[in-house]
Amino acid sequence: MKENYEILKKMEARPAMWTGELSLKSIRTFLDGYSFALQEHKLIKPYEEKKQNFHDWVAEKLGFYESTAGWQNMILAVTLSLNPKTIKWEGYDSQVSKEQHEKSITKFYELLEEFINE
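Positions 666 to 783 (our numbering) are the ones given, in order, by the sequence shown.
If you are wondering where the hints come from, they were derived from the structure by calculation, not from laboratory data.
There could be a bad hint or two in this list.
Computed cross-link-like contacts, DSSO-like style, restricted to lysine-lysine with a CA-CA straight-line distance of at most 30 Å [stated by the list, open to error]:
#1 K772 <-> K726
#2 K763 <-> K753
#3 K675 <-> K726
#4 K768 <-> K674
#5 K675 <-> K772
#6 K750 <-> K675
#7 K710 <-> K667
#8 K690 <-> K675
#9 K690 <-> K707
Simulated DEER-style distance windows between Cβ atoms [claimed, not checked]:
#10 Y699 <-> E783: 20 to 28 Å
#11 E705 <-> T771: 13 to 21 Å
#12 H706 <-> K750: 39 to 47 Å
#13 E725 <-> T771: 19 to 27 Å
#14 R679 <-> L727: 34 to 42 Å
#15 Q765 <-> R679: 17 to 25 Å
Yeah, the Cβ is synthetic: ideal placement off N, Cα and C, and Gly gets one too.
Turn these sequences into a full structure, and let the hints steer you where they fit.
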């Protein structure tokens, strides 16, 4: 995530302009494509497991027992006031309002800053 910090800061004010919609899922999809393109053009090395990754850090920070759901789902779930210990992932995000998506993006950027500063 640290290698994507600069692009994420550029996106912060208007993420939907960059991704096509206002959601953490669209930000995650954008980042995955962006990182893939950088790797394909040999501008960055493929991800290396040297440091704690953002998925694991978010899981620990928000009280999830594992990170397999991905940071975007964990942050949205907490924004929706779902319990990390009892969440059922299937269909959890089927009725998310625009305001809830905005709140989850705000939470993402708060967590990102904390992660970067550690």
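The hints, checked one at a time:
1. K772 <-> K726: Holds - the C-alpha atoms of K726 and K772 are around 12 Å apart, at most 30 Å.
2. K763 <-> K753: holds (22 Å)
3. K675 <-> K726: holds (25 Å)
4. K768 <-> K674: holds (17 Å)
5. K675 <-> K772: holds (17 Å)
6. K750 <-> K675: Violated, because 34 Å separates the two Cα atoms, which is more than 30 Å.
7. K710 <-> K667: holds (13 Å)
8. K690 <-> K675: holds (17 Å)
9. K690 <-> K707: holds (26 Å)
10. Y699 <-> E783: 20 to 28 Å: For Y699 and E783 the Cβ distance comes to about 23 Å; the hint holds.
11. E705 <-> T771: 13 to 21 Å: 32 Å Cβ-Cβ, so the 13 to 21 Å window is violated.
12. H706 <-> K750: 39 to 47 Å: holds (42 Å)
13. E725 <-> T771: 19 to 27 Å: Hint holds: Cβ distance 20 Å, inside 19 to 27 Å.
14. R679 <-> L727: 34 to 42 Å: violated (26 Å)
15. Q765 <-> R679: 17 to 25 Å: holds (18 Å)
Against the hints set out earlier in the document, violations occur for numbers 6, 11, 14.
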